[in-house]
Structures are given as structure tokens and as C-alpha cells.
Amino acid sequence: MVELHEKVLKMLMEKGAEEAIVILRTHERSSVRYANNEPTIALSEVINTVTIYSSIRERSFLGSFENVSEDFIEKIVDDVITMTKNSPPSPYYAPIPKGPFNYRTGKRVEGRIRRMDEQLISYVSEAVKASRESGAERSAGIIYADHQEERLVSSTGLDLQEESSSISLNHRAFASSEATGQWVSCSTTLRDFDPYDAGRRAGEIARKSLNPRFIEEGVYDVYMGPLIFANIMSEVAGFASGFLVQIEMSFLSGKLGEKVGADELTIIDDPTMPQGLGEKIFDEEGIPTQRTVIIENGVLKNYLHNSRTARVAGTSSTGNAGIIYPHPWNIIIKPGNVKEEDMLQKLGKGLFLTNSWYQRYQNYKTGDFSTIVRDGAFYVEDGEIKYPVKGCRISDNLQRIISNIELLSDRLYPIKWWEVEVPTYAPTAVIRNVKITRAFG
Amino acid sequence: MTNLVELLKRILDYAIASGASYAEARFHNDFEKNIALKNGEVEAVEANYERGIGIRVIVNGGLGFASTNLLKPETITSVVDKAIKMARASSLNKKTAISFSEEEAYSIEWSVFEKKNLENWSLNDKVDFLKKLDDEILSQGVSVSSRYLAYSEERSERLYVNTEGAFISSRTTRPSFSALITVADPSKGVIQRTLQFGGSGGLEAVESWKLEEKLKEEVKALHKMLVDSIRTPEGIMDVVIGSEVTGIISHEASGHPGEADRILGREGAQAGESYLTPNDIGRKIGSEIVNLVDDPTIPGSFGFYLFDDEGVKARRKYLIKEGRIFEFLMNRETAAKLGVKSNGSARASGYDVEPIVRMSNTFMLPGDYTLEELLNDVSKGVYIKSFMEWNIDDKRWNQRYVGLEAYLIEDGKLTVPVKNPVIEITTEKLFTSIDAVGRDLGFTAATCGKGDPMQGVPVYTGGPSVRIRSIRVGGVG
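Protein chains in written order, with the numbering used here: chain Y, 1 to 441; chain X, 1 to 477.
Only chain X is shown next, with the shape it has when bound in the complex:
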């Protein structure tokens, strides 16, 4: 550890001596282990071990980044030299110099606490755990034509230093589980469901997911949808969405467009830009009961962190407050451009990629309604509990969610299952049509992709059940 800190500090000194006005170095020691059951049998145990250093520099107002896992001084200096040379050259093509917002330089260590250490959960136990889940899936009296169940755990140790005196050391552990289940019926065809669970912590996180119970429910629901669902009535009607659907909407229609790098055009050629402009703080985007936050500090969450990958302290951010845009997600570069402070939203998926603006746990805050109360007032509508297909345009305005488990609402009651109801709607229409927010806050684990090269980071999407009035519902097929 001492040697490592010394190495990082020498790198900073070298970068400054080579002409950088700012430098930071980030060391990662990341270990990931995966076990998957393919139709009930383990194929192989898999592991990935990543260990290296990423160095970011500002040179004459140009930004450079170098990374390597060859921790020999000559290799490190060679990649730093190249990054500095290219950053310097790029600065000649820039009208405005890159700078970072001024932030407090913390010196701190933080870690995720494992109540039940995953190291004590043996490989055999994990395989038995997956096999038991597989047995549960098969014992529901339903024809499951294929299933793929995967367990993964990631340990990440990170060390961050910069030339402003920051020193952040962290350790996180993240277990996760994912599944693809296909249920078949000779006359109705097939229906599929992908599932993901994840959190930070130890075995207690895995236990909290109650996977046996969840998978049983899912398999039964899939069978019911496949066999009993009727064609979704089409037209303008009220829709009640479950937590899983509220979560993806929060992530896609509020979280992504609220990323300041998109707003400023930096992701323009890949993930795209945003319907928001830098002047949109205070813009009305939803009804007054819509409050939406991004919060990395939730203990046990999949998107948990206490300091971001620029050493900035993490905090809850209100993206939408009482229906109005309240704050953007920012790193130090975008904060400086907007003349504010970073709110700790910089994340890098590995040592070999630059930290960029990311979400963590993005969710709509709960209200007071029970699900029954949300349904009570709907004479005819659709309840969409879960979804499979979704997408959204690259300004985050035109989106589509296709329901998986869904039911007709008639006179305030759930009646028959309906097949693949489709919501295809603009962001503003969606958020302004919300008239009641449930109290049943829930979270779904996901891996969010952004950046070029692509960076996948763990997040929660979340929210309660929500009622949306008078929107268009369509059907597939």
C-alpha cells in the first residue's frame, strides 16, 4: 500500500514536471467471479482480475488520460508522455481551456461493510444455491423451455490521489444475480423474462433478494401472461405502473437527460445529448407531485459510493423537485463550465477509462397512496407491473416501454391479464400526466451503459407505483 501510494505520487510529480497543470492517478484492484447455470448445469467458473492505473492530466487547457496495467516506471512514463503530448496538441485546437471546479481535497478511507463475508460462501454453496433456484423454477408446474441463471460478485479496491492533495481509498463488494427464463406453451408460443438483482455488501444482500420466492412468482406470472392474457385494448386511458417501470422511466427520462456532459454536448456522437439546456434549471417538466432524485449514499444499494472517482463527496441530488428541473448531475469539468460545484457524479467503470458523469441510484420519491388507492379511481385502464422491451431517443424525449406482467383495470379492480401493453410517449407528457404517487418504493438493479469506450456501471433504478392519467396505450402485433 505504501509503495503504491508512493508510485501514484511519483506519477503526479512526473506529470507536473512534464508540463501538466493538474494531474490525478487512480489505482484499481478489481476482482470479479461468475458462476452460471445454463439449463441447470454449470458450464465453468469464470473470473476477471483487473489491476492497473489511470492517470488524467490537464495540459495547456487540454485534457489527457493514460492507462496501463504494466506498473513498471518506464511503461507508466511512456503512456503519460503520450497522453501529455496528445493533450498538448489538442489544446491548440481548443477555443476554451478545460478547467475543473474547485473542490475540497478529502483525505479519507471508506468501505462497504459485509455483514456476512462473501469469502465464507464457498463455491460449492453458490452452485447449490443456483441449483436450488433452478429446481424452484422447474417445480412450478409450468413448462420452462430454457433458463440461464448467473451469480456474480465483484470486489473493488480503489486508490485516488490528485495534485490538489486529495487521497481517497475505498473497498466495495457487489454481489449480483441475473436470469433469463423462457416459458413455453404448445399453442401460445413462448414468453421471456430477464431479471437482475444486485447490491453492495455481503451474503446478507443476496439473502435480502428472496430469490426463491421471486422466481416462483415470476414463473407463475409468465405462464399466466402467456396462457391467459387478452389483447390490450388500445386508446387513451389511465395507466398505473409498478415500481420496476417507474424505475426505468426515472433512469431514462430524468437521469440521463440530467447528465451535464450530455447537456453540454460531450456525448453527442454516442449516447447523445439531452432535451435540457444549461438554462433549464427551474423548467416545469412534470406535475407538482413528481420528485426525483439520484442518491449514491443509500447503504446496500447497487450504485453505492461515498466519494466519486474525482474525489468529490457524494450526496443526494434532486433532479426534479415538485415537477421542475432542479439540478443536473455533474463532474468537475461540467461544473466548472456551468459555474457551480460538482455534485459528486463522476464514475469510471475501470482504471482504464476516464471518469464521466453517471447516475448511481435514480428514483422517484414515494407519495402516500397504496396500490389499491391508485387503482380505485380508475374506471378503465391498464396496470403494468413489469416490462421487457424499452428504448428512448438520444435526447431522452421519445420513449417506449412494453409491459410484460400487466392487467386490465376495470372499476378500480385488476381483472384479466393483458398482452404487452405499449406506452410510447414524450417525457413531458409522461411526467405531467402523473396524478398520484404510491408509497411502495422499490428498487431494481441494473447496469447502465454510457461513454466511448462503453462503460457499464452498477445502478439502482427505482420508485413507487404511479398513476398516469389519460395517455395512449397501444398493443404489440
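One chain only, chain Y, in its complex shape:
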């Protein structure tokens, strides 16, 4: 039996496309949102998407279509051909990859995650209970169970399929309206998924944050927990996208081969990581994904490319398509060798920050930015937490921040939530001389 994506490809080629890629994705998701210790809504979805790329004489079209019923295929294909023909020829055009390629095998997917429903509510209860036991009054959050199947065929003969699944909990605990703590648990296996631990950690941070004080603005040495460090580092890795680099929407533009960060910093995009949250066999062009070192010991080694951005840059794809927008899959910050429990002592005096959100840029090219410190934040002296603080903002420069990284801990945490969209494996970090500001009034 000819399947939908194969049928679409055949029709595209019959109707005049010179090249085409067709990807059929089926995404199944169950989730539960909760607030004030109670579920607020339970959600279930099944969504099929057909992504179509076609080109004719260096004219290209890329689209995603959800109207995948058999009755509409002919109309969709006709529309795609018309839009492709009407598109102007592009100097960014690159031929689609031919192969043959060698793909990794042996990717493991936990089938039970796909069938999750009421169990998710039990997980939520576990997290809420743990936060309460740790001293929080109330909790809010969301749990997702995701399963995706992807089939890719191309006019160059590629015929690929891949399956992925993950479970993730984002949990925030409130010991008072201004004493909050956040933690996540996310995994591709149920074995490593621990909602109780996330609830406990978030609750403990919240409890320790009671009665926070304002601090003076200034330059502080900072110890960053895994959530905030992952947040900032995922932005850094995202800026390695060849697309962003080529429109100068990146502080990494024009700096290939240059020292951009501290010796301690190595950032890798590694979709080959077994059972990684962002594990991926092939990209949107069907090219096998690979482990790409973005920054090694502070030196910018590689941008992330698809065939198009690679052609502009005179290099090869790194297997990071998005056909138009290359992006990281699975970000890993190489751990350091300091035990996490020793990091506060190594900080000595400064601030311990657990989380951040709302990172915005004055200038993407220079990396001038600010971000709000959120949830537990603490003033530290002599390696010990003295009191919780509030109202802080990091107002600095991204390159300066990564150049001032002094220490990284030896343990990686998998982080993925609302603020960190691309899975990021992050240690904790001591960063010197971070500019902290606060509001007037």
C-alpha cells in the first residue's frame, strides 16, 4: 500500500517538481496543567502534519499542511507546484542531498509514554505532595507526555522513519507569593523521570526564599543553578544557527575561529546522544544528524548549518536542517570537574541564582541583553547562603558572561521547559563579574 507521504511525493514529481522532500509527522500528546495544587485542565491531541519542500529551477517552496485527507491531496499538490513556479529563483537555493548516507541505528523509544493518560495526574499529585512536604503552600505546573512518528521521503530516493517520545514536568512551588522555586524533570524514559524529586527541589527553593530582601545594584560574582545556566546557554547555542549568523541576528556572527568564551566553556550540539531528549537520527533534509562542537574551550568552532546556509558559507551541512532555519537539537554543556556541593564554597561571596526568564536583546550582534532573575535567589558570603534576595535583573552582555565563566560543576541536568525549548544538558556554573540591576521606586 502506498502511504500518504509517498503518494504526495509521486504526485509532486509527476506534476513538474524537479526536487521534493515530503515529511509526514504524527504527534500524539497528553498533558495536564495544574495550579493552586489542583489540575486545571487535562489535554489530549493527535495531529498529523505533512511538510512539503519542492523546487523547480532554483525556485523553492516550503510548507506544512494539516489538511491531509485523501480528498485534498491533489489540491495541495497543485497549490505547491503553482507556488513553487511563482517563487523567484533564489541565490540561497541548494540541491537537496542525495546520499547514500549511513544512519545510526538502535534508537530506543519507551512505548509506555505514548499511552499515558490518568497516570499523568498521579505524577502531578506526587510533585505537589513533595513540594508541600518541603514547605511550599501551593504548586503550579504542567506535565507533557509526547510521542512522535516521522516519515521522510525525497526525490533523491531517501526513505526514512524515526520515532521519539519524552515525558516532562515543569513544576513551580510557592511558599508565599514572592518566595518561589522551580524545577523540572524531563526524560525519554520513565525510569529517569522523577516528579517527586522535582517537587521536592522546587519546594525547598521556595521555602528558603521566604522573606527576601533587596540588594544594591552592582557587579557580583554569581553561582548559577542548572535552570538559569541552561536558559542562557541554550540562547548561546541557538545563536550558532547559520541563518541567524547570516542576517547578523547573532553575537557569534563573524567570529568563527575566535575566542568568544572562557577556556572552561565547551558547547556541543549532540543529537546522537543515546536517549537524549533531543536525540534525532536525520534532519529535515534527510541528512544524518551529527555531533557538532559549537564552542570548544572558549573558541567558536562551528556554526549549525543546513544545505542552504552551508552553501552561502562555503561549507557542508552539519545536519541541523530546518530546511530554511537550521537549529540545535540537543545542547550539551561539557561539565567541569568541581563537585556541585563545593560550588558555593568556590563562589565565596556573591549571588546564587536558580532561575531566569524573559531574556531580551538591545542588539543581537553585540549580545547586549538583560534577563529577569526569577524564583530562588540568594546572597552568599563565605560560601554560605546568608539570605534570599529579590528584584534582580542580569543586565550585561552575552559574550562577556560566557567569557567570565570560571567553574563548571561535574554533573549535567537535563533541562527543557517553557523557557528552554531546545533540550539542554547543563551543569551549574560560577561566573565572575555579572552586572546586576534593579527597579527604581
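Honestly, the hints are just simulated from the structure, not real lab data. Keep in mind the model is a prediction, meaning the values are calculated, not measured. Take these hints with a grain of salt, some might be off.
Cross-link-like lysine-lysine pairs, in silico, BS3-like; alpha carbons within 30 Å at most [as the list claims (entries may be wrong)]:
{"id": "1", "chain 1": "Y", "residue 1": "Lys390", "chain 2": "X", "residue 2": "Lys72"}
{"id": "2", "chain 1": "X", "residue 1": "Lys131", "chain 2": "X", "residue 2": "Lys210"}
{"id": "3", "chain 1": "Y", "residue 1": "Lys85", "chain 2": "X", "residue 2": "Lys115"}
{"id": "4", "chain 1": "X", "residue 1": "Lys220", "chain 2": "Y", "residue 2": "Lys255"}
{"id": "5", "chain 1": "X", "residue 1": "Lys72", "chain 2": "Y", "residue 2": "Lys15"}
{"id": "6", "chain 1": "X", "residue 1": "Lys385", "chain 2": "X", "residue 2": "Lys210"}
{"id": "7", "chain 1": "X", "residue 1": "Lys419", "chain 2": "Y", "residue 2": "Lys255"}
{"id": "8", "chain 1": "X", "residue 1": "Lys429", "chain 2": "X", "residue 2": "Lys385"}
{"id": "9", "chain 1": "X", "residue 1": "Lys210", "chain 2": "Y", "residue 2": "Lys208"}
{"id": "10", "chain 1": "X", "residue 1": "Lys72", "chain 2": "Y", "residue 2": "Lys75"}
{"id": "11", "chain 1": "X", "residue 1": "Lys85", "chain 2": "X", "residue 2": "Lys385"}
{"id": "12", "chain 1": "X", "residue 1": "Lys33", "chain 2": "X", "residue 2": "Lys188"}
{"id": "13", "chain 1": "Y", "residue 1": "Lys129", "chain 2": "X", "residue 2": "Lys188"}
{"id": "14", "chain 1": "Y", "residue 1": "Lys15", "chain 2": "X", "residue 2": "Lys126"}
{"id": "15", "chain 1": "Y", "residue 1": "Lys346", "chain 2": "Y", "residue 2": "Lys259"}
{"id": "16", "chain 1": "X", "residue 1": "Lys419", "chain 2": "Y", "residue 2": "Lys259"}
{"id": "17", "chain 1": "X", "residue 1": "Lys419", "chain 2": "X", "residue 2": "Lys341"}
{"id": "18", "chain 1": "X", "residue 1": "Lys429", "chain 2": "Y", "residue 2": "Lys435"}
{"id": "19", "chain 1": "X", "residue 1": "Lys188", "chain 2": "Y", "residue 2": "Lys255"}
{"id": "20", "chain 1": "Y", "residue 1": "Lys15", "chain 2": "X", "residue 2": "Lys385"}
{"id": "21", "chain 1": "Y", "residue 1": "Lys339", "chain 2": "Y", "residue 2": "Lys259"}
Given chain Y, put chain X in place with the hints provided.
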């Protein structure tokens, strides 16, 4: 259409038969087309077509939502079954049952009128339009090191039914334009500007943005700021902000904290909560001349709608009236919790997400002052016309805006350009320090993000120029 209505009604019947006390079904047929010029050349034409059904149910006081684009009966019943099963299970963990405020069940069709139909604006014309804008940017005698210009148009057809008899059918068209422009100088470095324009309607909306003129002005202003600006003097001084800055403040410091779901804690783990509590209606938050509204009914606006995604009629809401909190933004769930009626603020960005409390067009109402009059009375201060960087904490109290085009005010006159003035201030200090409001009401298109999964919805932010007395101004660097 008839078949679709029948399908939606059968879904409602199925949900009720399966134990739901309330059900609604929302069908979307959304088509979006994008063309972008990357440094002057088109990369590809892009399109996204979303078509599916979202079903929301209340079961034993638990709320469930199911969505699919596989419109086969067995798939729909399967996702509805799962949502009902999970909603029922979640109800066992709830102390208080979810209910919706009682609202009139409308049966109505509404649509956005395109004076000049976008379908008649060919792809080639759109590409030529973008290329002409790109040429304008490059012909200002300024070194533009990169530019990214994108045009997008979205057509959305929606059909909404619920078990209370509501039937809403709507069609909207929204064109939009965005740009990232980088201007460089060998000795001064680079300066960047992001821009967004948007509206509802047809080609007439695009024409009304006067993009050629705007982009020329922006490029010249960027060059002036990069080359001529001096370090911003720091300290306590008066500040006059332009419409664009008033707009983002209105959105961030009044609109978001006025969302009742945040006030009630429902967004606590993501977008956060609010400095407001349910008892804060009437609380003084600004000077008496501060009046701030959210109004989805403005024709041609980016955040335009006449009925929300729960079938409730849209209307203007005063968030702040004469300096006091007047009303929250509400959907049916939060209205029921607060014992009032919904004010039509429920929006869903797609069929596959639940409707949540959202802004539409949020803006400060204009006063009587001209810009000259606002400046006249300032002996030393800063005028901030536009901004790039901004953020605000998740209770919407501690915020920062960093100016892009900005000038020193000396003895009532704009003098030299200043580099990146920073306002970092609390909401109450900001609103209570406003002593004069301009008459030059303007709007800026934006995409507002909220919810988990993230939902981006089109909005206007807006307001007039405003004078703020004696606040701290800082500088970057």
C-alpha cells in the same frame, strides 16, 4: 459547511453522552503565507495550513480539552474519550469544581472586510514590494550591513459551537510585515532595529503603514543614533516617551497583570502571576490622568475580533480608569470564579490549544497635549521615541525599557541624540509619575506570547506620548 456543523454538533452530543456536563467544539481553517528577503533575496515562499478541531469539556467539575486534525469519527471520539477520562480523573483531585459564567448564546457570523482583496495581490507583486523596500533601505547613504524583511498574511476561518446553543462563524485576514535592520559604522560598531507592522483587512492595511517612508526614517535615525549619540546622563530626571514605548508599558504593566487567570494563579509556572489580587478593583496604581483600555473592536487593528473563542461578545474594557484598577480581563472560567460575567477576553491561537485570557489592542487613552507641550516644561530630561530591549518580572512589577532612538531634552527642546537610555522602574512608580498625556495616539503591532504550550496571538500595543516626572534614568555600558 453544513457537514462541518453537523460534525461539530455530533461531537457535542457524543461528549454529553460520555458524561460531560458542558462541551464546545471549535473548528479552524487557518492559512498563512510568508515571503522573506534575506539581504535582498528571496529564500523561499513558505506556507502553513492548519485545519482541525478543538473540543473542550467539563466533566464532574474537571476541565478537559482534545484536539485533532484527523477528522475521522473514530479519531475524534478517541481523543474526546481520552480528554474526558483525564478530566474525570482530574476532578477527583479538585476541591472546587470548574464552572463557566452564564453568558448569552449568540448565533452570528462576522468577518473582516478586505477593501482590497489580498488574493489579488500576486506573489510577484509582493516580492517586488519587498525588493522596493529593500532598495529604499540601501539608498539612504547609510551603511546597512544586513537586513531581513518579511511579509506574512494569515487567513483564518473559525466555527464555534457549544452545548448552550452558541454558534459563531468568523473569517479574518491579517497581513503583517516585520524587519531586522543592522546599520554599521567602522568606528562606532553596529546598531539594530526590529520592526513589526500588522493589521486586519486587505491590501489597504499594508498601504496604510507607509512602509517606504517609515523604513527611510528608521534607517536615518539608526545612523544618527549610532554615529552622533552621546552617553545618556544618569540620574533623576523627567522623561517623555513616544507612543511605541507607552504601548509596550501598557501591554506589560497593565494588560498582563490584569489577566484574571494570572491573578488567580493559573499561569503560575510559566508566564507567572500578578501584582494584583482579586480584591484590587479600585486600587490606585497611577495618576488620575492615566486611563488604559483593552479593545478588540477597533476596525483594522491587529488584535481585532468581535466575538471571543468562547462565543462571548467582545467589548472595550477599562483596565485603569483615572489611575485606579477598573476591570480585569476575563474568560468564562475566571469570571465564574470572581462571580462576574466574562468580558470576552478568551483567545486560542489555534484549534489545538485551549482558549485562555488574552489581550487584544491594549493602549493608554490620549490626552490633550501636543508633543511640543509635553517637552516645553522639561528643563532637563530624555525623550525616548523607540526601544529594543525590554522585560518585566512575572508579577509585572519590576520592568526595564532600553531606548533606541532617544534625545536629550534641554529647556524644553530636543537637542542631542543619547545612547540607550534605560528606565528600570516599578509599575506603581511609573504610572503615578505620569503628569501629562499627549494627543498623538499611535499603535504598534506585536505578537503576544502566553500559555503552555506557547500561544502567540496578534495584538496592538498603543498610546500617545507621555511625560513622566522625576524618575531614574540610567545608561548601558
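Going through the earlier hints one by one, which of them does the structure break, listed in rising order? 1, 9, 11, 12, 13, 17 and 20
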